[in-house]
Amino acid sequence: MTLVPPPSALADTVVARLTAGYATAADPVRAERAAAYMKGVAPFLGIPTPERRALSRKVLASLPHPDETDCAAIALRCWELPEREYQYFAVDYLRRHVGRLSSGFLPLVRHLVSTASWWDTVDLLAAHLAGGLVAADRSLAKEMDDWIDDENLWIARTALLHQLTYKEATDSERLFGYCRRQSGHPDFFIRKAIGWCLREYAKTDPAAVQDFVGASRDRLSPLSVREAVKNL
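In terms of my numbering, the sequence shown opens at residue 1051 and continues consecutively.
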């Protein structure tokens, strides 16, 4: 389903400034290398991250804070632009303003995760947007319970990673349950995500992760186990 960006004067200004500013820094050689590295998920302008973020600060200089409609409009309009750097801008912008977003923003996050999907945008959307929204409204965890079984692997990966920054606030029962439910998944990105979320939680509760991996070793892939216990 295609989502139509809502009207937003702020989005009009941001996108006009953004496309003008980023275009001046385009580097075709870097762009070709970046597109190849990202397996052709999108064309690139070829702007290194530090330079891109400096340009983004100029784009946003003197502009007001957005409301939720502005955030939706900016994100969706950036997702309509072909070059990947515009989507990076949108992710950074949403991360910055996640505290202004309501629980009703989660379906839009799902749309972004499932459109032009690759780890470079999905992982940040998972940990900082989906994760931020669920942290603010724990009833949304029930949505994650649906996402973990989604046939779209990027939606399932988002569910696995949404607690990545929670530390002591992690719902360990849910985390371990998700890892068990997807332990037999054949795709690298799911197996890697299982190991990653376990490794991250091990920084908070190493004994719990050690016990879980020990009890589930016959179900988890070698990749997931390797990643989970890397720092134990």
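Read the hints as simulated data drawn from the structure, not as lab findings.
Where a beta carbon is used, it is the ideal one built from N, C-alpha and C, also for glycine.
Hints should not be assumed to be uniformly reliable.
Stated by the list, open to error - Computed cross-link-like contacts, DSS-like style, restricted to lysine-lysine with a CA-CA straight-line distance of at most 27 Å:
#1 K1217 to K1253
#2 K1217 to K1242
#3 K1089 to K1108
#4 K1253 to K1242
#5 K1253 to K1192
#6 K1280 to K1242
#7 K1192 to K1242
#8 K1089 to K1242
#9 K1192 to K1217
#10 K1280 to K1217
Unchecked claim - Here are the in silico distance ranges between beta carbons for each label pair:
#11 H1115 to A1066: 37 to 47 Å
#12 V1079 to D1261: 19 to 29 Å
#13 A1111 to L1282: 44 to 54 Å
#14 S1112 to L1282: 41 to 51 Å
#15 A1265 to D1200: 20 to 30 Å
#16 A1186 to T1074: 36 to 46 Å
#17 S1189 to A1111: 33 to 43 Å
Here is how each hint holds up against the structure:
no., hint, verdict
1, K1217 to K1253, "8 Å, holds"
2, K1217 to K1242, "19 Å, holds"
3, K1089 to K1108, "30 Å, violated"
4, K1253 to K1242, "17 Å, holds"
5, K1253 to K1192, "25 Å, holds"
6, K1280 to K1242, "12 Å, holds"
7, K1192 to K1242, "23 Å, holds"
8, K1089 to K1242, "18 Å, holds"
9, K1192 to K1217, "20 Å, holds"
10, K1280 to K1217, "18 Å, holds"
11, H1115 to A1066: 37 to 47 Å, "19 Å, violated"
12, V1079 to D1261: 19 to 29 Å, "50 Å, violated"
13, A1111 to L1282: 44 to 54 Å, "45 Å, holds"
14, S1112 to L1282: 41 to 51 Å, "49 Å, holds"
15, A1265 to D1200: 20 to 30 Å, "26 Å, holds"
16, A1186 to T1074: 36 to 46 Å, "37 Å, holds"
17, S1189 to A1111: 33 to 43 Å, "37 Å, holds"
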